[in-house]
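Colleague: Based on the hints, put chain B in the right spot on chain A.
Residue numbers (the working numbering), protein chains in the order written: chain A, 1 to 264; chain B, 1 to 264.
Possibly wrong hints are sitting among the right ones.
One copy or two, it doesn't matter: identical chains are merged, so the pair holds either way.
As the list claims (entries may be wrong) - Dumping the calculated BS3-like pairs for lysine-lysine here, alpha-carbon to alpha-carbon at most 27 Å:
no., residue 1, residue 2
1, 243, 92
2, 127, 173
3, 40, 132
4, 127, 32
5, 132, 173
It is worth saying that the hints were derived from the structure and are not from the lab.
There are 2 protein chains.
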Amino acid sequence: MMQKITRRELGAALVIATAAGRRAATRYGRIKYTMPDKPKEIAMLVYPGMTALDLVGPQQVFGYTMGARVHLVWKTKLPVVTDTGLSIVPTKTFAECPDPVDIIFVPGGGLATINLMKDADTIAFLKSRGEKARLVTSVCSGALVIGAAGLLRGYQATTHWAVRDVLPLLGAKRVDARVVEDRNRITAGGITSGIDFGLRIAARLRGEDYGRALELQLEYDPQPPFHTGSPEKAGGAVLSVMKQMFQPLNDMAREAAIASTKAL
Amino acid sequence: MMQKITRRELGAALVIATAAGRRAATRYGRIKYTMPDKPKEIAMLVYPGMTALDLVGPQQVFGYTMGARVHLVWKTKLPVVTDTGLSIVPTKTFAECPDPVDIIFVPGGGLATINLMKDADTIAFLKSRGEKARLVTSVCSGALVIGAAGLLRGYQATTHWAVRDVLPLLGAKRVDARVVEDRNRITAGGITSGIDFGLRIAARLRGEDYGRALELQLEYDPQPPFHTGSPEKAGGAVLSVMKQMFQPLNDMAREAAIASTKAL
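In isolation and in its complexed conformation, chain A is listed as follows (with noise of 0.2 Å):
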């Protein structure tokens, strides 16, 4: 019995045991949060070649987020297979996916992620839950999607730092930060960025000290070992190479980004 209780249930037993009853602002100790009337319904994408971390970083912390249902949405369940050979598994086919849903997100990827910008049962997915969610958002090169779907014209938005440059391609205003906030549109930098933006999405749902806790329980104190986190910093021979490594993947990601403007 002992073995299937997970750190996310205990957290959840402790704060339940002390919360009961009550439903709107809420203390555990000294930090307060706010529990919404009903799970926020969160849905996921996930497809094969995508990159697991940009979906992780933020699963992780709304995992572990009291009052939200996380749905892994993917066209069927079989596994799909990361860029790396990770498999994960769909919870939710398109189909079945609660709609309309809180929050929608993307993950980027490789060349799988450009392709997904002109396949049309995704698009027409993500325009159909995009439209009425409460908030849009995406990690990493899942811009581009979202974008494709049409969901980001006339928004500030940022997307990994090797394809930015699409995004004014997309209706997008470009704008170079970890993540992007402009009304219900939430957009977040390269792959490690998605933590960034899972936390802040957490307070949004349950208040800063919510955050704040998470933040801790997570241990998310960075300390990158060489500094080249981002262009500007990376700078020289380094930002040279993945700059051309990263060429071929941008300019078919303008091709894609001008192709989904006339399809829509």
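Modeller: Just chain B now, with coordinates in the frame of chain A:
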């Protein structure tokens, strides 16, 4: 066909095209790195109730590291449900896992991790691979499991802040740091520290320039929104609430640690 090309393969293809035929010190553009004569075998334990981000942080880095062959190892190959409901598919059973491996890795989690400290099959597997591995490694409370296998005795180590005081019970010397390297043991702190950890190991395997390039690829330029990612930084109400939440886990970890030293 295009749908099957991932970012990783793109990078690999570009570098292989440049570096073809060379095995040792290699250059791509102006960055230098080393390639091994044969792939490095990296065995990453996965198990029900584990924390997905403990695994996926370093797995994403290793997956982008050329010449690394990453195995996700468990008793069966059925999907493993992590502590927030995300399911990951193991790729090898204990019996199928290469022997020896270059790197053995254990992620953490909640009570499931504590129970794993008492699991004879897992401990036997970790001892068998750990005694011959080039690097014995962990993120988060995974350190308690390698410690229960006797692999941290006499070594400096770290783990998630909430269970750091358990390390001495396993014969390890507790160090309060994000990543601790002592000879061939590399242990990291809570959950998100796996990214810092992964980058450091990639640099050990392929050289510092390679680590710098991966840090840029992952856009690891963190901006934690609340600056509460360590007990020292959080302090006050947030720390006291989280300590209280983790106390039952800490108690059980202490008990399991004491039992494990008697069992060995």
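Colleague: For each hint, tell me whether it holds in the structure or not.
Modeller: Against the structure, the hints come out as follows:
1. In this assembly of identical chains, the alpha carbons of residue 243 and residue 92 never lie at most 27 Å apart, being 36 Å within a copy and 35 Å across copies at closest.
2. Only within a single protomer do residue 127 and residue 173 lie at most 27 Å apart by alpha-carbon distance; the minimum there is 19 Å, versus 54 Å between protomers.
3. Taking identical chains as interchangeable, the C-alpha atoms of residue 40 and residue 132 lie at most 27 Å apart only when both belong to the same chain, with a minimum of 14 Å there against 48 Å between chains.
4. In this assembly of identical chains, the alpha carbons of residue 127 and residue 32 never lie at most 27 Å apart, being 35 Å within a copy and 45 Å across copies at closest.
5. Taking the closest pair of Cα atoms, residue 132 and residue 173 come within 27 Å of each other only inside a single copy of the chain (22 Å); across copies the shortest separation is 54 Å, beyond that limit.
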